[in-house]
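Trainee: Chain residues, written in single-letter form:
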Amino acid sequence: MGVSAWLSIDGLGLTEGGTCIIDSATLALSAQRSVVLGPNGAGKSTLLRLIHGLLHPSSGRLAWPERLSQAMVFQRPIMLRTTALENVEYGLKLQGHAAPERRRRAAGALARVGLEPIAGRPARLLSGGEQQRVALARAWALEPQLLILDEPTASLDPASSREVERIIGEIAAAGTRILMTTHNLGQARRMADEVVFMDRGRVLEQTAVNDFFSLPQCDAAQRFLKEEMP
Amino acid sequence: MTTLGDSFLMAWQLTASADGRLAEIVLLSLRVSLSATLIACLIGMPVGALLAVGRFPGRRILIVLFNGLMGLPPVVVGLLVYLLLSRAGPLGSFGLLFSPAAMVVAQAVLVTPIVAALTRQVVADEWTEYREQLRSLGASRARAAATLLWDGRFSLSTAALAGFGRAIAEVGAVMIVGGNIDGVTRVMTTTIALETSKGDLPLALALGFILIVVVLSINAVAYALRGWAERKWG
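Going line by line, the protein sequences match chains C and L. Residue numbering for the first sequence follows my numbering, beginning at 1 and increasing consecutively. Residue numbering for the second sequence follows my numbering, beginning at 1 and increasing consecutively.
These are computed hints drawn from the structure, not numbers from a lab. Just so we're clear, the structure is a prediction, and the values are computed from it rather than from any experiment. Ideal Cβ placement from N, Cα and C applies to all residues, glycine included.
Estimated spans, in silico, between C-beta atoms of each pair:
#, chain 1, residue 1, chain 2, residue 2, range
1, L, Leu91, C, Gly18, 49 to 59 Å
2, L, Arg60, C, Asn40, 31 to 41 Å
3, L, Leu42, C, Gly53, 30 to 40 Å
4, C, Asp193, L, Tyr223, 51 to 61 Å
5, L, Gly68, C, Pro65, 50 to 60 Å
6, C, His56, L, Arg60, 18 to 28 Å
7, L, Arg59, C, Pro65, 34 to 44 Å
In silico negatives: residues of chain C with every beta carbon more than 12 Å from chain L:
#, residue
8, Gln32
9, Arg61
10, Ala63
11, Leu68
12, Glu116
13, Glu165
14, Gln187
15, Arg190
16, Phe213
17, Leu225
18, Lys226
Bound conformation, chain L alone (with noise of 0.2 Å):
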């Protein structure tokens, strides 16, 4: 067992060496979580935007049903995906199960609640600022909600962000559909999760900075070019 500070040297050694496996590791967990949060805006936000301007029966439930959903638990997620993508499962037949392909899948039922009511919100607000001036040019529900997705498309990259964050950080569900298969779909946050209950610490250490470093860094760009549209568009 090496001492904590053994443990934060080795795991700059790794990082500052850019070691293969470590790296290997990162990418995966970038590709997935990305992939994961886009398929997460391509669906969540259009539903969002309509839940914020459409008038139909249910709305309302939905409304609620997904606020509550930016609660799901990850294994709960990675437990109904696994369901799903098994071999005696509806999508069986597709052999998805303990792929990235899976794990993508996972995380993007995890995030496209929290996009879709984070998306509501905003538009939501925007709809009540706008919603005279759009039905006075003759603009319908769905036209208005395309309008202000592209008009909040500044606001809107907070959704984006907060969906990528609970993609990348999130461990459950991609422990259980990917398998956490070395090599294959061993992500940061399940390395960590492994290489801890195996007593080595540097590993998992390097990975812990990586991923907070990762989300760090991406939130501060984000925020500068959210800022620097602001004061580019008003």
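Extracted from the complex, chain C is given alone in its bound form (with noise of 0.2 Å):
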């Protein structure tokens, strides 16, 4: 383990039904963008899910040196029947905030995503690629520490995935740290720091990007590259 990792993750397996969804799975993340990767089914997701809280772990444990605030974002954005405004304020007003603050935050946070001039508009309403950057608004909006994204770009065309992704890389560049799936290979590429590889629900390898993409250390790893690229 990395002294100094942010987090630590100790044999930590999920089994839901008989079924193994994480095996042991152990890792120490410090990088500041880190990304998952592996085919379908390996456990990425539901890697993410037990380290945000949402899953309980059967086995293992997470050790966080330091407590870290949390947001995720998810593949499919999931909207209020509100303004895409509201939407972004609705996770201040959870966290306690007054209204002028939170509208502030919201409008900033908005701003900074490039949706200032709909932030009036029913955010259903909005395009898949304006709701994911709604949904990224939410979540900057609270500055975390950690933002968790789960194949944020999977469901959008490529010029709203370069807008997320860039959204994505101011949110690193103010500090906060990243770890996000993708089943983009150049994304991961541009994105990561550093890569964990996943294959049915095993924690294979973890290394620098450009080490995983030139020399990956295991036949998966070697497999999934070998089938993934272009």
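Fit chain to chain and form the complex, with the hints in mind.
Mentor: Following this line, the structure appears as structure tokens:
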């Protein structure tokens, strides 16, 4: 375990209905931008949910040397039937911020994702890319120390994906740690400092992003890159 | 005994002339049933939302109970409320029996399980979709329930409409606790039953038309509003 790890995971396991979904995952996350890669069913999203506390592990433990405030953005943005601005405000409201403060922060977050002009529009009527940017603004407004993203561009067109990448890059540049999954290897290359590779519920490799793409260590990662790379 | 055709004609004349007696009965029906539906929504919607989102012992039993109570026989509800409100009953001191207030209570008892059960279904569907996001943002279950009630407000209009439909159309409960007193507790359904038994079909028919028109109109307005709201908010 690296001494500078912001999260140490030791023997983490999740079994549901007799099926092992996460099999004794052990890793230490220390990079600012970590990307979890792996084929479908590898357990990437489940691992993120365990880290975020949405799921409870069957075994093992998560050790946070320092308590980090977190926010999570999901593959499919969930928008309440209110305006974009009120969607961003909702998280701040749950945190107990007063109305003027949350309006100011929500408006600021929307401006940073480039959606200030449509702050008053119903969120569910926005395009998929805009909704994902509202979701990012909602997370960003909370000023989390760790932002977890589960395939945030999976259902977006290339232009929207690039915009979402830009926003995630800005959030990271502001000091927030990023932990995300993606199926887009080009995106992983652009966004990651380190790669965690998973297959069939197991963490098989954790390495710097350039090392992963140039010289993957395990057979499963080599096969995965061979099949996935254009 | 008039012929059916004559009855229809007289019913139309009564309705078209806005007969005072007819109007009084219609307005009392609306006042009682709308009040009962409002009370049922105020109780049933939060209960339904908590049943959908909450995790507590006995939750499943309550869900089955509320689903089952959707089919409560109105006469049984009327009888129970009668016993509660009768002079010897635990709430007899309020003197509500044979008043519109008693009818509101009876209809609210009848309608609350319907609103609660339908709300639970709507909110449960929303909870499936929203759960991770709301938990991620730190919403407690109670807060999530409140959020989903507001978010599902357009779908929940169906629960309110179903409750209103049940209330305005029932006859057994209001007959027992209201007593069908002319000018005091006589509503559309009890009047239809009474006038039919007396052979006065025109008034019964006129009220039957109005009852159907009221129910259809309220549903049509609610449908239009829901469509507009969904187009506006998605």
